[in-house]
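Chemist: Those protein sequence lines, which keep their order, are chains A and B.
Under the numbering used here, the first residue of the first sequence carries the number 1, and numbering increases by one thereafter.
Under the numbering used here, the first residue of the second sequence carries the number 1, and numbering increases by one thereafter.
It should be emphasised that the hints constitute simulated quantities derived from the structure, not laboratory data.
Just so we're clear, the structure is a prediction, and the values are computed from it rather than from any experiment.
Don't be surprised by glycine CBs; every beta carbon is placed ideally from N, CA and C.
Any given hint could be a false lead.
[Said to hold, decoys possible] Cut-off 27 Å, straight-line C-alpha distance, at most; resulting in silico cross-link-like pairs (BS3-like, lysine-lysine):
no. : chain 1 : residue 1 : chain 2 : residue 2
1   : A       : LYS65     : B       : LYS86
2   : A       : LYS157    : A       : LYS217
3   : A       : LYS217    : A       : LYS167
4   : A       : LYS157    : B       : LYS2
5   : B       : LYS2      : A       : LYS167
6   : A       : LYS157    : A       : LYS167
[Stated by the list, open to error] One side only, chain B facing chain A, incomplete, derived with CB under 10 Å:
no. : residue
7   : PRO5
8   : LEU8
9   : PRO11
10  : SER33
11  : ALA59
12  : THR60
13  : SER61
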Amino acid sequence: MATTQPAQHPRRSMIYRILREAGAEFEALADAAVAMRYADGGDEVALARRLGLADLSPLARTGFKGRDTPDWLVTQQVAIPDEPGQARRQSDDALVLRLSADEHVIVSDLRTRSELPATLDAEWQLSAERMCYHMPRADSYCWFAISGECATEMLAKVCGVDLRLDKFDDGRIAQTSLARINAVIVRNDLGTTPAFYVLADSASADYLWPCLIDAMKEFEGGIVGLAALRALV
Amino acid sequence: MKIVPCPLNGPRNISEFAYGGEVELMPDPNTSSSEEWAEYIFFSDNPAGVVREWWCHSATSYWFIAERNTVTDEIVRTYPASELFKERVEFKKESE
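Excised from the complex, chain A in its bound form (with noise of 0.2 Å):
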């Protein structure tokens, strides 16, 4: 696919500077361009099996909240979470989080094959007798994605929780405060590559990337274009 510059598109990521200045090359994706690939990236498949971070804030994503919000999903034939703190991947790959027991926030696939998200934005209406309210996340959320096999040992420099892979299964969701910032993550193994998304305030994305460079670099990760990431599925 062709390369392109995030200020072509009407939607970038709110760190496509920081990218563009570490040679990312990006793609077009809906109405975004996603870093693809970094110039000068080397081997990015085998750094993110050992530890990668990748931006995937121009992928599809939003939220609902509200008393009548589970009901709701399951009649767009959404297969939600049985408990909060639960991520559920549905049929087309797109990952439901149940935040607590009224709030779920829909991400897209790493393929961005699913139509999830738009479908549901599109679907949604405010209506005085269904307490499910709209929360759009694609702005007001980053989405990065950390994955490899020293992952969770970064991730313990940053955050108070214990994600070790035998404490913190696959599909769970811890929402609390990573690199004093407030955080969602959620682990979401790759194939074999166990691996985590991080959802932070979008504001503080300038402050959350670097530092979470800075954590990986005594375990020689660094950043991955989303192609390494599909490689790994």
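We have chain A; now place chain B onto it with these hints.
Modeler: Just chain B, lined up with the frame of chain A:
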């Protein structure tokens, strides 16, 4: 670090939480005197012993109730606010 058992998120460092004051039942805003209202808003009983307090888990903006011993600073129990407050509080104007 002191650990708080959040009813939604499980055990978390206390640095993730904010204290929200003692749990007190709100006097009727239409019939209470200014003194009663001021007492409710501004003053704490501050007893020595187990008290019910509001706490908020900042990462999830989740408010819940904790029973804490103010003498030993031990958190005896935490539970969702829905255990105490089962109905939505409606504010009606006097004219209604």
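Chemist: It remains to establish, for every hint, whether it holds in the given structure.
Modeler: How the hints compare with the structure:
1. A:LYS65 <-> B:LYS86: Holds. LYS65 of chain A to LYS86 of chain B sits at ~19 Å (cutoff 27 Å).
2. A:LYS157 <-> A:LYS217: holds, 12 Å
3. A:LYS217 <-> A:LYS167: Holds: LYS217 of chain A and LYS167 of chain A sit about 25 Å apart, inside 27 Å.
4. A:LYS157 <-> B:LYS2: The given pair, whose Cα atoms are some 18 Å apart, holds under the 27 Å limit.
5. B:LYS2 <-> A:LYS167: Within the cut-off at roughly 20 Å; holds.
6. A:LYS157 <-> A:LYS167: Given that 27 Å is the threshold and the Cα spacing comes to 17 Å, the pair holds.
7. PRO5: violated, 13 Å
8. LEU8: holds, 6 Å
9. PRO11: holds, 9 Å
10. SER33: With a closest approach of 35 Å, the SER33 of chain B hint is violated.
11. ALA59: holds, 4 Å
12. THR60: Interface hint status for THR60 of chain B: holds (5 Å vs cutoff 10 Å).
13. SER61: Cβ of SER61 of chain B sits 9 Å from chain A, so the hint holds.
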